Each structure stands twice: as structure tokens, then as C-alpha cells.
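J.: Residues per chain, in single letters:
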Amino acid sequence: MEKLKDALNFSDFSKAERIGLIIFSVFLLVFPVLGTGSFAKTVMIQFLLFSLFGMGWNTIGGYGGQVELGKAQYVGIGAYTVALMMVWWKAPFWISMPIGILIAVGYSFIIGYPLFRLKGHYFAIATICTSLVLKDIFDNWNLVGAAKGIELPIHDHPDFLYMQFKSDTYYYYFIMALFYIGLFYMNWFRKSKLGYQLRMIKDDEDAAESLGIDIRWCKIKAYSIASAFVAVGGGFMAVYNLYIDPASTMELSLSIKIALMAMLGGAASLWGPIIGAAFLVPLDRFLGSWLGGHKGLSGIDFMIYSALIMVVSAYQPRGIWGIIEQFRKRGH
Amino acid sequence: MSFLTVENITKDFGGLVANNNISFSIEEGEIIGLIGPNGAGKTTLFNCIVGYHRPDSGKVTFKGKDITGFKPFETSREGIGRTFQIMKVTTGMTVLENVMVGAFCRTNDRNTARMEALEVLNGLALHAVKDYYINELPIAIQRKVGLARALATKPVLLMLDEVASGLNPKEIEEVVELLRRLNSAQKITLFLIEHIMEMVMKVSQRVIVLDYGEKIAEGLPADIVKDENVIKAYLGEKYAKGL
Numbered sequence: 001m002e003k004l005k006d007a008l009n010f011s012d013f014s015k016a017e018r019i020g021l022i023i024f025s026v027f028l029l030v031f032p033v034l035g036t037g038s039f040a041k042t043v044m045i046q047f048l049l050f051s052l053f054g055m056g057w058n059t060i061g062g063y064g065g066q067v068e069l070g071k072a073q074y075v076g077i078g079a080y081t082v083a084l085m086m087v088w089w090k091a092p093f094w095i096s097m098p099i100g101i102l103i104a105v106g107y108s109f110i111i112g113y114p115l116f117r118l119k120g121h122y123f124a125i126a127t128i129c130t131s132l133v134l135k136d137i138f139d140n141w142n143l144v145g146a147a148k149g150i151e152l153p154i155h156d157h158p159d160f161l162y163m164q165f166k167s168d169t170y171y172y173y174f175i176m177a178l179f180y181i182g183l184f185y186m187n188w189f190r191k192s193k194l195g196y197q198l199r200m201i202k203d204d205e206d207a208a209e210s211l212g213i214d215i216r217w218c219k220i221k222a223y224s225i226a227s228a229f230v231a232v233g234g235g236f237m238a239v240y241n242l243y244i245d246p247a248s249t250m251e252l253s254l255s256i257k258i259a260l261m262a263m264l265g266g267a268a269s270l271w272g273p274i275i276g277a278a279f280l281v282p283l284d285r286f287l288g289s290w291l292g293g294h295k296g297l298s299g300i301d302f303m304i305y306s307a308l309i310m311v312v313s314a315y316q317p318r319g320i321w322g323i324i325e326q327f328r329k330r331g332h
Numbered sequence: 001m002s003f004l005t006v007e008n009i010t011k012d013f014g015g016l017v018a019n020n021n022i023s024f025s026i027e028e029g030e031i032i033g034l035i036g037p038n039g040a041g042k043t044t045l046f047n048c049i050v051g052y053h054r055p056d057s058g059k060v061t062f063k064g065k066d067i068t069g070f071k072p073f074e075t076s077r078e079g080i081g082r083t084f085q086i087m088k089v090t091t092g093m094t095v096l097e098n099v100m101v102g103a104f105c106r107t108n109d110r111n112t113a114r115m116e117a118l119e120v121l122n123g124l125a126l127h128a129v130k131d132y133y134i135n136e137l138p139i140a141i142q143r144k145v146g147l148a149r150a151l152a153t154k155p156v157l158l159m160l161d162e163v164a165s166g167l168n169p170k171e172i173e174e175v176v177e178l179l180r181r182l183n184s185a186q187k188i189t190l191f192l193i194e195h196i197m198e199m200v201m202k203v204s205q206r207v208i209v210l211d212y213g214e215k216i217a218e219g220l221p222a223d224i225v226k227d228e229n230v231i232k233a234y235l236g237e238k239y240a241k242g243l
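The listed protein sequences derive, respectively, from chains P and Z. Numbering of the first sequence is given in the working numbering, commencing with residue 1 and proceeding in unit increments. Numbering of the second sequence is given in the working numbering, commencing with residue 1 and proceeding in unit increments.
Chain P on its own, in the form it takes in the complex (with noise of 0.2 Å):
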């Protein structure tokens, strides 16, 4: 009741933050009744997705400040868990959902432990070697599809239990759900001792263990509960893209994209994922498709997300909100 209480309690910020919330949450709760286009609708899914995916690295990456940079083998496992369990045992999506995020708490234990044996750079290449091993697995395992990855079965008629709709609406308005639950768990997360713990685990390593704190198996908890938001974010994308492969689920360029987004939104900061993801996406989108499909300069987008990283990581560490609360504190 207490950490219910905390999570919708948004009080601590500032006014203008708080309207801010309202506005952009009336925003999304009425932009499919905005008559927009299809692609409108994609955009923004992805956006709240991408969001999704964000809050969860804020958690290690953000709060814990360990640059993290595998998080695309849990989209991997909760996407594979939810297709394949579908098409084997026509599992319904409510089902094989909760069990995707058990596997993948369960391996981010296993991987974790001896992880966070490692500290800053070794840390980031080992995160990104465990992912691109895991992909390696799927690509060449036939049981589950290997590189060709696997079709959902298709219903005829819309499917509250399979989550299967004709219109994105019903997609859209099931991510927002899932958007506010994150951002609500991130309110409190924030908040609570784990939250505190882990801001000084980023700050000072040595005073946060004198202080009693277990620094590897708070890590640990922080990269499963991150490993847990992925999870979710992958069973959306089986379910709405009712097609996956490892290319498109477990891919370093999506471990990279995850992390950029808090990065440059702002890591540590609740907002911060969600700017960062409003400004990447279509972005992205504008990238992939126009530069790299119709200009043929495909490959450009890596490019200019590299960039962006080293701008901010030398600029502003704490990225477009870090700018934003600059000014707020020179008014002052």
C-alpha cells in the first residue's frame, strides 16, 4: 500500500513537471481518436515501447550507472518465449508473458553473478559478448526457427487472450498500459532503498560499502528488474509484430539503441527515457528508411548514434534533461 502510494505520488517535483505530465498523458490517451495515419500510430508505439525499454536500463544504467550494453538478449528471450510457446502449446500471451519475464529474471541471475565480477569498460564488453552469444545460439538452433525466426499463428478474429488485433488501436492503447506501469514502478523505484543504493554505488563505490551495502547483489537486482522490463517490451513486439528473428530481437544495434535512449534523454532521471525515446524514434525512423532505404546510405544511422554518444557523454553526462534542469537552475 505504501510503495502504491509512492509510485502515483509524483509530489517531490516541480510544478511545471507536473503539468507537463498531465498534458502529455492527455496527449496519449486521445491520439488515436486524432484521426492520424497508420504511420503516425507505428511511430508512436514504438516510441512508447522504446520508452519502455529505457526506464528498465535506467535501473543499471541510469541509477546504478553501469553502462550496460546487452539488453537486447532479454527482448530476445521474452519475445522467443511468447512466440514459441504459442505456436508449440498455443499458450494464450497472458500466460507465456508472466513466464518470459521469469526466464529472463532467472538468466540475468545466472549471467550477473559473474558479470559484475567486472567494473566500467570490461563490464560494457562483457554485456555486449554475452548478448551477441545468445543471438549466435538462436541463429543457428532449427528447434526454434534458427535465422528464418518464427511466424505466429495468425487468428481470424480479434483476441483479447492471444493479444491479436486487425487495428493498432487496441496495440497502441495496450502499450500505453504497459508504459504507465513502468513509469508508476519507476516512480517508486526511485524512491526506495534499492534506488538510493545503487545512486551511491555510481557516485562512490568504496563509501557506498562502508555504508553496509552489498554492491554486487544490488547491481544484480537492478539488471534483473531492467532485464524484466525488456522481457515485457519483447512479448509486445511477438505479439505485434507476429514475427520474430533474432536480427530483429537480440541485435547489438538494439542493445545500443536501448541504452542511447536513457543516455541521451537523461540517465537517472525519470523523464529522461521518454525524451530520449521521443526524440530517437523517429529519428530512427527518418534514418533507416529515407536515409539508409532511399538514398542508399544505409549504415548511417550507426554513425550518427555513435556520434551522439560521445557528444554526450563528454558534453552532458546527463543529457537533454541534464540541459533542461541547467537552465531551470540558472533562472534561479
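Calculated directly from the structure, the hints in this document are not laboratory data. On a predicted model such as this, the values are computed, not experimentally measured, just so you know. Among the clues, some could well be false.
[Unchecked claim] With the Cβ distance kept under 10 Å, some of the chain Z side facing chain P (calculated, not the full set): (1) Glu30; (2) Lys71; (3) Phe73; (4) Ser76; (5) Met87; (6) Glu97; (7) Val101; (8) Phe104; (9) Cys105; (10) Asn108; (11) Asp109; (12) Lys130; (13) Ile134; (14) Leu137; (15) Arg206; (16) Gly219.
Note that CB positions come from ideal geometry on N, CA and C, so glycine has one too.
Chain P is fixed; fit chain Z onto it per the hints.
T.: Below, chain Z without anything else, positioned relative to chain P:
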């Protein structure tokens, strides 16, 4: 049974023996000073007790429990608090949040942690700076924040690594006052590394002297300053004559 017992601690950093066969014990409620020239192994000894280093040999017993090789977070939960010689100047958390992290060592509830943190801050007269970030504060206050953070974990033994360095005489006076108060009112046993001799003499009831990793003397402050070995290794002839 002693409160803290250190038996034959040796720590060897690949040929450089930082602590060589050091033994001593501390009783509950004492204030003990640890002095010695730079590089004598004082901080290493602290780290061996608290758990940042694992001693190569020897044994540390705290309240009858063998804590040798415990990790820092474990010794902290046992009730040993420590401050650092160099406080990392961080920008991520306010003073209050820093102290709250300390309080979270004993509670899971945010409101309890907040209240306890505020209490500690009030006790150290830091209430006015609670919403500042550490990098915005002068060094004397930063040190105090480090102390507040450690106090919030409710230690029964507090190990202070040069709390007074870089402070002016008036500030030192305040710290001495504060340490005495912690010791008498809150019954916290204090173990402090200190370079400033006036402070060591004033505040400690017993002094341990290290030189080149070995314990060369232990005793009352008044006796220590007359000890020939200590004068030769650390205090210098001038200091001895000045007394």
C-alpha cells in the same frame, strides 16, 4: 574479552610489507589515536580491519566474533563505521540523500531513514546544508558529511581516517568537541588516524604508533611524546624539546 582485538596482522603488497605483525586491542568506550609518518601503514591497517584488504595473516575479532576477511559491507553491518581520508566530491546526491543511504543500512523504510538522517544532520549542525550537493560545500563541511554518513549507520565503533586534515584551528576545536560528545553521549568507541598532534593529544586516551608497518609504541599520550622511538620516527627532536 576486548571490544576489538587485532592479532598479528600482516599485509604484504608484493614485497612491500605495509603491516607487519601488528597486535593491539581496544576496549569499549575508548578513544584511541593511531599515528605515524606517511606510509607507515595506518590506512592499510584500517582497511585490513574494515575489510577493504584481506590480511595475509592474523586475526581480527570484534565483540567476540571473528571478522577477519569480512567484506566492508559486512563489517559495517556488524557496527563498524568508517570515514575516508579523501572524500570523493560527488555531484549525484544531496547531503541529506547521502546520509539517508547510511541510515538505510538499518532500515528498509524511506521515511524512517529520512528521519534518522535528519536527526544525525541536526546533531552535527548540518541541517542548513542538507539540500546542497557535496561539490558545492567547503572541505570542512564535506568532512562532516562523511562523518554524518557513517554515523547514520549507527556504528558502535567509528574509525576516522584523518577527519581534521585541512581544517583550521577553530574547526579542529569543533571536531574535538564533537568527537568527545559522540564518545560520551552516544557511547561510540573511536579509533582515529590523525596527523595533527595537538588533536591526538587532546582527544585520545591511548595512542598507537606505527612506523614502516610495525607497531613501535603504545600508551598514554603523555608517555608517547617522551618515547625515544616515537621521537626519532615521527615527532622529531624539536617537538620533544618544545614540550
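J.: Would you mind marking each hint as holding or not holding in the structure?
T.: Taking the hints in turn, this is what the structure says about them:
| no. | hint | result |
| --- | --- | --- |
| 1 | Glu30 | violated (21 Å) |
| 2 | Lys71 | holds (7 Å) |
| 3 | Phe73 | holds (5 Å) |
| 4 | Ser76 | holds (4 Å) |
| 5 | Met87 | holds (8 Å) |
| 6 | Glu97 | holds (7 Å) |
| 7 | Val101 | holds (4 Å) |
| 8 | Phe104 | holds (5 Å) |
| 9 | Cys105 | holds (4 Å) |
| 10 | Asn108 | holds (5 Å) |
| 11 | Asp109 | holds (8 Å) |
| 12 | Lys130 | violated (14 Å) |
| 13 | Ile134 | holds (9 Å) |
| 14 | Leu137 | violated (15 Å) |
| 15 | Arg206 | violated (24 Å) |
| 16 | Gly219 | violated (29 Å) |
Comparing the model with each numbered hint stated earlier shows that hints 1, 12, 14, 15 and 16 do not hold.
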